[in-house]
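Student: Throw the hints in and build the complete structure from the sequences for me.
From first to last, the protein sequence lines are chains A and B.
Here this note's numbering is used: the first residue of the first sequence is 1, the next is one more, and so on.
Here this note's numbering is used: the first residue of the second sequence is 365, the next is one more, and so on.
No lab work stands behind these hints: they were computed from the structure.
Certain hints may be false.
[What the hints assert, rightly or not] Ranges between beta-carbon positions, derived for each pair:
1. A:V66 with B:G582: 20 to 26 angstroms
2. A:D221 with B:L392: 27 to 33 angstroms
3. B:G724 with A:G119: 25 to 31 angstroms
4. B:A574 with A:A45: 25 to 31 angstroms
5. A:G119 with B:P457: 37 to 43 angstroms
Quick caveat, the model's predicted, so the values are computed rather than measured.
Every residue gets a Cβ at the ideal spot worked out from N, C-alpha and C, and that includes glycine.
2 protein chains.
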Amino acid sequence: MTSPDPNSRTDPERSVASLAASIRPVELSAAVEARRRDQQLTKPAGSLGRIEQIGFQLAAISGSAVPPLVEPAAVAVFAGDHGVHAEGVSPWPQAVTAQMVANFCAGGAAINVIGRANGLDVRVVNVGVAVPLSDHPLLVNRPVRLGTANLRFEPAMSRAEAAQAIIVGAEVATQLLADGAQCLLTGDMGIANTTPSAAVIAALLGADPARITGRGTGIDDPTLARKITVVTEALRRLETDNHDGPLGLLAQVGGLEIAALAGFCLAGAAARVPVIIDGVIAVAGALTACSLQPLTVAYLIAGHRSVEPAASAALEHLGLAPLLELDLRLGEGTGAALAYPLVRAAARLMREMATFDQAGVDSH
Amino acid sequence: MTSPDPNSRTDPERSVASLAASIRPVELSAAVEARRRDQQLTKPAGSLGRIEQIGFQLAAISGSAVPPLVEPAAVAVFAGDHGVHAEGVSPWPQAVTAQMVANFCAGGAAINVIGRANGLDVRVVNVGVAVPLSDHPLLVNRPVRLGTANLRFEPAMSRAEAAQAIIVGAEVATQLLADGAQCLLTGDMGIANTTPSAAVIAALLGADPARITGRGTGIDDPTLARKITVVTEALRRLETDNHDGPLGLLAQVGGLEIAALAGFCLAGAAARVPVIIDGVIAVAGALTACSLQPLTVAYLIAGHRSVEPAASAALEHLGLAPLLELDLRLGEGTGAALAYPLVRAAARLMREMATFDQAGVDSH
Numbered sequence: 001m002t003s004p005d006p007n008s009r010t011d012p013e014r015s016v017a018s019l020a021a022s023i024r025p026v027e028l029s030a031a032v033e034a035r036r037r038d039q040q041l042t043k044p045a046g047s048l049g050r051i052e053q054i055g056f057q058l059a060a061i062s063g064s065a066v067p068p069l070v071e072p073a074a075v076a077v078f079a080g081d082h083g084v085h086a087e088g089v090s091p092w093p094q095a096v097t098a099q100m101v102a103n104f105c106a107g108g109a110a111i112n113v114i115g116r117a118n119g120l121d122v123r124v125v126n127v128g129v130a131v132p133l134s135d136h137p138l139l140v141n142r143p144v145r146l147g148t149a150n151l152r153f154e155p156a157m158s159r160a161e162a163a164q165a166i167i168v169g170a171e172v173a174t175q176l177l178a179d180g181a182q183c184l185l186t187g188d189m190g191i192a193n194t195t196p197s198a199a200v201i202a203a204l205l206g207a208d209p210a211r212i213t214g215r216g217t218g219i220d221d222p223t224l225a226r227k228i229t230v231v232t233e234a235l236r237r238l239e240t241d242n243h244d245g246p247l248g249l250l251a252q253v254g255g256l257e258i259a260a261l262a263g264f265c266l267a268g269a270a271a272r273v274p275v276i277i278d279g280v281i282a283v284a285g286a287l288t289a290c291s292l293q294p295l296t297v298a299y300l301i302a303g304h305r306s307v308e309p310a311a312s313a314a315l316e317h318l319g320l321a322p323l324l325e326l327d328l329r330l331g332e333g334t335g336a337a338l339a340y341p342l343v344r345a346a347a348r349l350m351r352e353m354a355t356f357d358q359a360g361v362d363s364h
Numbered sequence: 365m366t367s368p369d370p371n372s373r374t375d376p377e378r379s380v381a382s383l384a385a386s387i388r389p390v391e392l393s394a395a396v397e398a399r400r401r402d403q404q405l406t407k408p409a410g411s412l413g414r415i416e417q418i419g420f421q422l423a424a425i426s427g428s429a430v431p432p433l434v435e436p437a438a439v440a441v442f443a444g445d446h447g448v449h450a451e452g453v454s455p456w457p458q459a460v461t462a463q464m465v466a467n468f469c470a471g472g473a474a475i476n477v478i479g480r481a482n483g484l485d486v487r488v489v490n491v492g493v494a495v496p497l498s499d500h501p502l503l504v505n506r507p508v509r510l511g512t513a514n515l516r517f518e519p520a521m522s523r524a525e526a527a528q529a530i531i532v533g534a535e536v537a538t539q540l541l542a543d544g545a546q547c548l549l550t551g552d553m554g555i556a557n558t559t560p561s562a563a564v565i566a567a568l569l570g571a572d573p574a575r576i577t578g579r580g581t582g583i584d585d586p587t588l589a590r591k592i593t594v595v596t597e598a599l600r601r602l603e604t605d606n607h608d609g610p611l612g613l614l615a616q617v618g619g620l621e622i623a624a625l626a627g628f629c630l631a632g633a634a635a636r637v638p639v640i641i642d643g644v645i646a647v648a649g650a651l652t653a654c655s656l657q658p659l660t661v662a663y664l665i666a667g668h669r670s671v672e673p674a675a676s677a678a679l680e681h682l683g684l685a686p687l688l689e690l691d692l693r694l695g696e697g698t699g700a701a702l703a704y705p706l707v708r709a710a711a712r713l714m715r716e717m718a719t720f721d722q723a724g725v726d727s728h
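Tutor: Structure (structure tokens):
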């Protein structure tokens, strides 16, 4: 695998490289100081388990032993369609992607309900639905193309399109941060999108597609067998082609929303804010982001463990332990949104708890 | 084990029996109808995993296929002290119980912070701290006695006192419901209270104390060995004495806050509202409640899996799968309070999601 001649790079490719290069390491000294300070708070040290660990991570991300609140927070739901849908990898009609975008805009989907319950701003982004979508006040309409090509037989998109989709994701993140978000959550919608997610994760991990590919929203055995065949054939093409790094891999077997999610993670890391990732689609995007810039992983919080095997494999590879294990497989950002109150509480605890001295409580 | 002559029962014992007898089964038909209705909501059926299951449980509890919201909700933190503290089972001074009650009233403890983050009313109840506590607007001051006796050598309290503490817990629940709570969360504070919790759970499950007894807030090996000895000796006394059912068992080896938590669970079940239980102290109370009235269990939601082995053993016995597994071991109701947004989201999803027909989304 060789890098392309820099002079041949498109503008979006240069923007992606520049974004990835702008990410700095988190500040571990702030986490160490946060941990020292945590021992003065009125509870046995360590008694809040994983919640404390999240607090220390927030300290490292922000560079402050008393990290800022993660409120308000916003979830971006990136929608895209997939040419591989033609292979019968999902029982759902492709039209459902656009229909669900309308449902998000009308506030009737699961992510809307959970978003309202947990105080999240929900932003819907068309990064590549198969049909043109009408503008809507709640829709960020930024299609890079009208769905991908069929990754079983040909590249899902061009390198330039993959880079463009990454930039769309990054720009959405930047806009949400400009609007006040202190924490970003990933969401996705795209019928058949667990297929490119499995392909991206299998390729980046060098894993067996049969072990990685899952049942998505719930497919039967024959459909699963077909899906594994499709992913296997797509990966075989990668072995012979020179796919030129993560961007080439995304172009060959990825999806537009996966690319956008990668950009969203990169931009969150560049801005030093925590990014709570959702299920297998988000994990594919996050893994791609970490391939482009490994420093990204320290800014990521895994919201939940999807039932998709590819998600667990990639999270383990990234060293991310999910906060929730609730057998979720919906996507839309629902798992990230359900996990958000845990992160919010972690930040508040670091800021608002009394110390032993302040409260007049004996230590031991 | 024989039941005591009803004519010899004290008034609080009769109240407990009457409360337990008032609990009705949940309505499974409402859960079935909720599940049927859930299949019309704009998501693949089953894709929200455990969250959907909680929704169906809420339907059964309320008797309505579209269950009411669980907002607002309240957590009661029952505080009590333990004579067994003299055995050196905790590194923390007993005075910390009263000091933490003051911290709760001042709003500086972890449960206060999480409660504020998640919109919970936090109520503090003195059901038996070792020293008299001054009245405070945020304290329900209902001590049954000034801490328990040392359960290693003698009954922790009398049957009548155990029943009184149960009634205090029930009355607090009833008051919170009268104040508008639609969901109850259990909390506790009491230095050394993992020792009586282990004893109660070991006795009710017939389990080996060495397998059940844990490290509480974090004790070293010699302290753990001492704690196991104490629990073992207390249980040996139970084998020879006639402890007259769950109430007698509570009196022998329990704690005042454990008894109050049992009453709190019973009253929640009697009022047909969900009760989210916290860690091992709450589980000991809940298990006692379920011994007094097995129908109670269907009203309980396990907020999290405490690191205490007794908690897992009792939850498995009750068939309750915890929502969170975050290595928490603080108590105060923190695990229940952290889990509350999941239950809140489950209720909202059942009520607020659009159906396929409403949203114009194709099904398959």
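Student: Indicate whether the distance between the beta carbons of G724 of chain B and G119 of chain A respects the range 25 to 31 angstroms.
Tutor: The hint (25 to 31 angstroms, Cβ to Cβ) holds, given that G724 of chain B and G119 of chain A are roughly 28 angstroms apart.
Student: For the pair V66 of chain A and G582 of chain B, does the Cβ-Cβ distance stay inside 20 to 26 angstroms?
Tutor: holds (24 angstroms)
Student: Determine whether the Cβ-Cβ distance between A574 of chain B and A45 of chain A falls within the hinted range of 25 to 31 angstroms.
Tutor: holds (26 angstroms)
Student: Hint says 37 to 43 angstroms; check whether the CB-CB distance for G119 of chain A and P457 of chain B agrees.
Tutor: holds (39 angstroms)
Student: Quick check on a hinted range of 27 to 33 angstroms for D221 of chain A and L392 of chain B, using CB atoms only.
Tutor: holds (31 angstroms)
Going down the numbered hints, you'll see the structure goes against none, and every one checks out.
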